[in-house]
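Kindly generate the complete structure, drawing on both the sequences and the hints.
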Amino acid sequence: MLTGKEKVSYGLGAVGKDMVYMLSASYILYYYQDLLGVSAIAMGIILLVARIFDAFNDPIMGIIVAKTKTRWGKFRPWLLIGTLTNAVVLYLMFSAPPSLNGNGLIAYAAVTYIVWGVTYTMMDIPYWSMIPAFTKGGKEREGLSALARSCAGVGSAVISIITVMSVFTLGMKFSPDAKNYQDCLAHIEEAKVAEEKEIAKYSQAYGIDAEVIEVYAEKVKENKGDKESLSFIESDEKDFIAAGMSEVELNNFKSLLVNVSLAEKESVKAKVPVERTGYKYFSLIVAVIFVVFIIITCLAIKEKSTVKFQSPGVGEMFKALFRNDQAVVIVAAIVMINTALYITSNLVIYFFKYDFNPAAFESNYSMFNMFGGGFQILAMMILFPLFRKFMNTVKIFYVSFFMAFTGYIILLFVALSGTSNFMVLIPSAFLIMSAIGMLNVVVTIFLANTVDYGELKNHRRDESVIFSMQTFVVKLASGISALIASLVLAICNINKDAINGSKLAASSTMGLRMSMTLIPLLVLVIGLIIFKSKFILTDKKVQEINEELAARGKRLEAISSENE
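Going by the numbering used here, the first residue of the sequence shown is number 410, and it counts up by one from there.
Some hints here could point you the wrong way.
[Stated by the list, open to error] Cβ pair distances, simulated, as ranges:
1. D734 - G552: 22 to 32 angstroms
2. M410 - K798: 47 to 57 angstroms
3. S644 - G446: 36 to 46 angstroms
Hints listed in this document are in silico derivations from the structure and should not be mistaken for laboratory results. All values derive from a computational prediction rather than experimental measurement. Where is the CB? At the ideal position from N, CA and C, for every residue including glycine.
Written as structure tokens, this is what we have:
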């Protein structure tokens, strides 16, 4: 039986590594595309190429882990080496030198991201491979898998909740450009106060409805201060003049509105170096936490059981992997689940920053992630154990998918309604993130069970290779989702130069809202179809496999005793 110390130590490792992964998966596109100005298409290609590289790197790393023999075991050395190198690269990845631009910046992003993926693989494969190596099948493995996934969900949720606010706070504290940004905000506040006074003055003097003037003001400001392209508001101006406003007053008011728009544009530019500094220091903090937590894991966890097989060659290892049809099914399900999640997480930050309520971006986005992350953690720690009392894991899988479908449909209707009421987003956040939380636990249990299935079918226990596929497919999902998100951003013309602090154009808004809901929904449907048609490892089947493996083990022991 596992001790409490071992469970806590293993769980802390999951917290640390998923903090790192979520920071990269959810914010690397935003960091390089929105803050540093790298084109969305270029970033999408970089992220996908890195995942193609992982297709070759990850299984090879699994083989290396399987062949490793040291006094500290085969898992812990790579777990520690991968963690230390990955922490350094994470910091470098979010600390792009300000002097870089153009192709130099693209090259820097590509190299650091690919190296980050390689070093993450070094520690992620041995981490998950330890589950079958020091637990027994059944309840003990399920319990540790659920605990690890719950802790991983905690790490992901923490990053989702605190990143934006922490980045801003750290940036304002350590960035040399913080004062310039504060001055811009003060300028905007002064300009808006002047705008409100002018609206009140003209409304009172000429009897024009204040709301009509406010709508006119928004039209001018949303046109980004372009004085040459304001003909679309001429009808409003004619009404103002007809009410008694002079052309001089109208022009002065228009100039004031243009100044407000320009001030908002300047604040967007001034905020970029502040956020860049914030991400630099935030990534450093996360990297340090990551290293500390994994060291605790390495000190407390040891391999309690190993199955001795002759180390296979690369070709033989790939054959063994693809002969495990159930591992392939679960790998496909993991790809679909994580692709859906990462498409949403990559696009929702733009939804909050440029569409839903730009003025309250940091607070609304952080609150949304706080609710979503909280629901995910509670689902893994409370809902899954609760459902497990009267449902098998396959039924929980289907229930989770139904919850996710429902959540995305609700989110679609909310997005299309055009509301800016934050509370209406809570039901969809609950359903989607609770479903994702339980699905991550269930597929981890399923994947661990495929190790036993493969041992029975192929007469070898390839836990490192199978779990290396989990590492690869999760990263593949992040690459696919980043490419899809990049295409959406490019097609919808969502970038800081096009927006300049204003709300999105109507076509961009619609494209963003449809993409962040319908595409994940379609991906989940594909995953469900694959799972339903191919998966056979029910709880009953797993029990039969364990019993047959135990019987085989006794037969081998008997034969060995006779030979002696």
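Evaluation of the provided hints:
Distance hint for D734 and G552: a CB-CB separation of about 27 angstroms, consistent with the stated range 22 to 32 angstroms. A beta carbon spacing of about 21 angstroms between M410 and K798 contradicts the range 47 to 57 angstroms that was offered as a hint. About 38 angstroms separates the C-beta atoms of S644 and G446, a value consistent with the hinted range of 36 to 46 angstroms.
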